[in-house]
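Asks: If you want the building blocks of each chain, they are given just below.
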Amino acid sequence: MTVIKEVEYYPPPNNWVGRVGRLAMHACQQTGIATLLLIAAVRSFRHALTSRSRREILGQMYISGIKSLGVITIVALFTGMILALQTGIELRRFNQEVNIGTAVMVSMLREMGPFMTGLILAACVGSAITAQLGTMTISEEIDALEIMSIDPVRFLVMPRLIAMTIMTPLLSFYTCVLGLLGGGLVGMTQLGVSWEAYLDNATRFAEVKDLFVGVLKAVIFGILITVVASHEGFATTRGAVGVGLSTRRSVIVSFLLILITGYIVTRLFY
Amino acid sequence: MIRFEKVQKSLGGRQVLDGVDFDIQQGETFVIVGPSGVGKSVTLKHMVRLMTPDQGKVWVGDTCVSEARGDDLRRIRERFGYLFQGGALLAWLNLAENVALPLRENTDASEDEIQERVHRVLEMVGLQADANKQPSEISGGMRKRAGLARAIVGKPEIVLYDEPTSGLDPVTARTIDTLIEQMRRDMGITSVVVTHDMHSALSIGTRIAMLHDGRIVELADPDRFVQSEQPEVKAFLEAQYITRTGGWERKSE
Ligand SMILES: Nc1ncnc2c1ncn2[C@@H]1O[C@H](COP(=O)(O)OP(=O)(O)OP(=O)(O)O)[C@@H](O)[C@H]1O
Ligand SMILES: [Mg+2]
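Chains A and B are the protein sequences, given in the same order. When you line the first sequence up against the working numbering, it's residues 757 to 1026, in that order. When you line the second sequence up against the working numbering, it's residues 52 to 304, in that order.
Honestly, the hints are just simulated from the structure, not real lab data. No experiment lies behind these values; they were computed from the predicted model shown. Careful: at least some of the hints might be erroneous.
Among chain A residues calculated to face chain B with C-beta under 7 Å, some are [to be verified]:
1. Glu764
2. Pro767
3. Trp772
4. Val773
5. Val776
6. Ile894
7. Ser895
8. Asp899
9. Ala900
10. Ser905
All C-beta atoms, glycine included, are put in the ideal place defined by N, C-alpha and C.
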């Protein structure tokens, strides 16, 4: 499959009913095209083991994973610290400070770990993917690949998708661990909860299911970010201004989808 | 060899091509001229199904490109080389790797063979010394020449050139013209050249087509093209100081 570039053009609507209808139609159309892109990318997984693809996937894993590690570390620590502090202040009224362990562990594993990781990756990696593919689209590099019978989806999207599907859960797990650490630090220094008591409490009530839900979310977020970013990149028109616009759209759409699917997954499992 | 049948195409709500008809013969250098934004690049893209017509058909040999899919499309595209307006090199590969890309991805050629061919085409476009540079380190004209090298490295039967000489200094521009003419003469390669440069068009074209308002308003060999009575053609030639005998007009006394 090749990249769908030409979409139907309709003249702009002139009343608000038309505008709402157009918006809905546009949303359906974009979802459809992005879904086809995902299917095409998954189908090209069978080329993932060639030596060029392996190198490319490793390169993308480095870019998407290792390069965002700095921001993720800081965000994760502070997320854990805020969670511990917030719940700790409330729990202290009932002399239940020790339970911050469970609070931090469970909300990091199920919600905040994948959520924070997703937001950061959408902002750092998704935007970069859109900007790069968008620039390639407007400078006819995507066209050039197609002429050479090099499938842009296999060449560009597949390695990024695989890299993100692997890296997002790993980073999400890393976020959880650091969040837990941050929570413990606050517990020890601000709330007088010892490290051992904190850890004991954290591991006593957390279930494997929490870990599983978190990993599942992270995998879904990784896929969403890559597909949205690639789709927006390929759909770029109108020069450098267009690249700016589609990068912005890519980040916004990823944020929204992360929020919505995060809610849906939690709802499905609890 | 390449035939357009009443091709219509609208883009962004504007009718860009409005019934374009022509037939390009094998071994000819077919030049398409016309003002900016008239749809010259769009016309080229239809030949390799980077765009499909709203109405009408595009034929390459006896296959209808606009309906080709999968392996058919791949076989058609293999016969083409395409020089894009800006070169369209991949930013993260150096020139030699860019030129080698189609060979690496689509053929079983050995690494030695690839190196040898890449070296030869880079030499043809005068870039042998810059093989290891990144696209961002070279000028626009050099990128275009590297794009040309990539277009011809796979030994295509038909080469499409989107403004091969714009942005080049006159001497380099003429070496590109010479290269196009040489490939036609020595290898029988069919070329389709899109350009604004009438001097280049008149010297290498076997036929010249003028695109205006979505249609071909003039299609003739160079000798007759300069004598055309079409007002758009006259204006285009006059703007480049070309007289109706194909000579050159001096404005100052
Ligand atoms: N993908 C696209 N989406 C919408 N409009 C497009 C697209 N590609 C081209 N157009 C429009 O089609 C028209 C013709 O474009 P084209 O690039 O063929 O011009 P051109 O003749 O090659 O001009 P130039 O000499 O400047 O390269 C322009 O008005 C352009 O805005
Ligand atoms: Mg053009």
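Asks: Hints first: check each against the structure and report whether it holds.
Replies: Here is how each hint holds up against the structure:
Hint on A:Glu764 is violated. Least Cβ distance to chain B is approximately 11 Å, over the 7 Å limit. Evaluation of the A:Pro767 hint against chain B yields a held restraint, the C-beta minimum of about 6 Å falling below 7 Å. For A:Trp772, the interface hint is violated, since its Cβ never comes within 7 Å of a Cβ in chain B; the closest pair sits about 21 Å apart. Restraint check, A:Val773 versus chain B: the minimum CB separation of about 21 Å is more than 7 Å; hint violated.
Here the hint on A:Val776 is broken, as its CB sits about 21 Å from the closest CB of chain B, past 7 Å. Hint status for A:Ile894 relative to chain B: violated, with the closest Cβ pair at about 9 Å, above 7 Å. Contact between A:Ser895 and chain B, as hinted, is supported at the beta carbon level, the nearest pair being about 5 Å apart and thus within 7 Å. A distance limit of 7 Å between C-beta atoms decides the matter here; for A:Asp899 the minimum to chain B is near 5 Å, and the interface restraint holds.
Residue-level restraint check for A:Ala900 holds (minimum Cβ-Cβ distance to chain B is 4 Å; threshold 7 Å). Nearest Cβ of chain B to the Cβ of A:Ser905: about 5 Å, under the 7 Å cut. The hint holds.
Of the numbered hints given earlier, the model fails hints 1, 3, 4, 5, 6; all others are met.
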